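*Asks:* Going line by line, the protein sequences match chains A and G.
Read in the numbering used here, the first sequence has 96 at position 96, and its numbers run on one by one without any break.
Read in the numbering used here, the second sequence has 268 at position 268, and its numbers run on one by one without any break.
None of these hints come from the bench; they were simulated from the model.
Keep in mind it's a predicted model, so treat the numbers as computed, not measured.
Heads up, a few of these hints could be off.
Rough simulated footprint, nothing fancy, chain G against chain A, three-plus residues with beta-carbon under 8 Å [said to hold, decoys possible]:
hint	region
1	74-80
2	88-100
3	117-124
4	159-171
The beta carbon of each residue, even a glycine, is placed where N, CA and C say it ideally should be.
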Amino acid sequence: MSDAVLTLEGLHKRFGALTATDDVSLTLRRGEIHALIGPNGAGKSTLIAQIAGNLRPDAGRVLLDGEEVTALSVAARARRGLGRSFQVSSLAEPLTVIRNVMIGVQAVSGHSFRFWTPVHRDRRLLEPAMAALARMGLEHRAWTPVAALSHGERRALEVACALALEPRALLLDEPMAGLGPEGSARLTELLESLKQEVPILLIEHDMQAVFRLAERLSVLVAGRVIAHGDVDTIRRDPRVRDAYLGE
Amino acid sequence: MLALLLVLPVAADLLGHPYYVSLASRLTLIAMAAVGLNLALGYGGMISFGHAAYFGLGGYIAGIGAYHAFDATAFMGLLPGSDNLLVLWPLAMLACGLLALLIGAVSLRTTGVYFIMITLAFAQMVYYFANSWPTYGGQDGLPIYLRNQLPGLDTQDPLTFFLVCFTGLVLAMALTSRLMGSRFGAALTMARLNETRLATAGISPYPIRLLAFVVSAMITGLAGALYADLNGFVSPSMLSWHMSGELMVIVILGGVGRLYGPLAGAVLFIGMETLLGGLTEYWQLFLGLVLLGVVLFARHGVMGWLDGGESPGREPHE
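Build the full structure now, drawing on both the sequences and the hints.
*Replies:* What follows is the structure in structure tokens.
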């Protein structure tokens, strides 16, 4: 499949007797949002860690735009265009919003062993960072310290940080976590507007958001993908209802 | 503060108090060594308890160069001695950089209290090595009979030598400031504040930290080389963990990760040592109390207290 941006092939990961990831394969295609859902303890975090590079799978491969990245570090995958956000916000609180975004621009616009030019006047960093903030509706907060942002703004900033990498694929780990219905709806809208630019692998608990956003879904239970398909297929699948939707 | 440090020794020299000039030189060099440590400890969040290794190694290079130049022998039968500071300074920085590259490459695999202990352990190894090498005085240390030379300047003159030290301090501070404003500085700051963010942004923290550690050691090493020349003497005490501790205390007193922190800390430290040390042997008791006060009530040190206690890593004024 030439339009697969991110491909997982037969990933396996064991911790002692526990098989946390059991033969997981999936693809993320250009222009789509692919949602990964599953009950707590299904192994979503372990799988994300293998995609992002925090964990090495015992077997299987991870491909980004057809290029194998299975053995690469988190930073190397990020440079190759894998943008990521975290379930628990991971921002540098004392720094301003724009500083958090600029660090991502810095990595893709050359190396960080530049010692002389002050960054706060470097337009090659500032302009792309501002553009990423504008995509998430945060440009008016650029010079505010992260510590002063609301929870909703932080969630949006996480995504803006990932966008600063000019990513080929986004891996968003529960971006709606802790958002109220209003914030959740707002972020859903923003993500929908992004998917043409960059495909998103979305791990999310908010089913309303998932069903609205995702073209395709994969359901992870006990480390295995038990079903995948489009929204209607998943909604009707009896195994999914049993394992997860609990209807 | 820098201007004051420049004016007072000049005045003291004119009034004929060479003691105060050499005291100012000492303060300047201790501050410069702390500027080096501040880059690792303050800006990089790497709590090195072994910076005496670089301070002392710098000192020993000045001492060993002078020793061989004095009796026209060669270091380990190979390298001739030199008393030219234009040779000794780059050599001291190079040696300290290489030592820090080795120590850092191993130590930076650890974090937290393990990092503190492993840097201490390496520094103690260097300390005992110097202690047990009789050629260069062993535990008695090594005298430098004639202060090393700088072409065109009379380094024996206290004021001239002070001005050399002062230039070193200013350059070290300017370098720190420039470095921390650059892309490298942005990455180092992020490595301290949030390592995950840095890696997710596509920058591996390890090489960034390692380079900062090496530059930090080079600055401290150069200060050490000058310090040995100031005293006309280098001994293992420059390498001991007391020295590492003093540098840490100075950085913390002055303000961790503040450009002027090490200077403020050195002024406070040397000031207390000179004033209270004249009154009582137990002046360090008062130093301890001040340190306690700073840690409890002014977490960003004297400099943080002076400019309102914002956290370091804030924006430069844009």
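*Asks:* If a hint holds in the structure, say so; if it doesn't, say that too.
*Replies:* Results for each hint:
As drawn, the region 74-80 of chain A meets chain G at 5 residues by the rule of a beta-carbon pair under 8 Å; at three or more, the given contact holds. As drawn, the region 88-100 of chain A meets chain G at 9 residues by the rule of a beta-carbon pair under 8 Å; at three or more, the given contact holds. Look at the region 117-124 of chain A against chain G: 5 of its residues bring a Cβ nearer than 8 Å to a Cβ of that chain, three or more, so the hint holds. With 4 residues carrying a beta carbon less than 8 Å from a beta carbon of chain G, the region 159-171 of chain A meets the three-residue requirement, and the given coverage holds.
Consistency note: the structure conflicts with none of the earlier hints.
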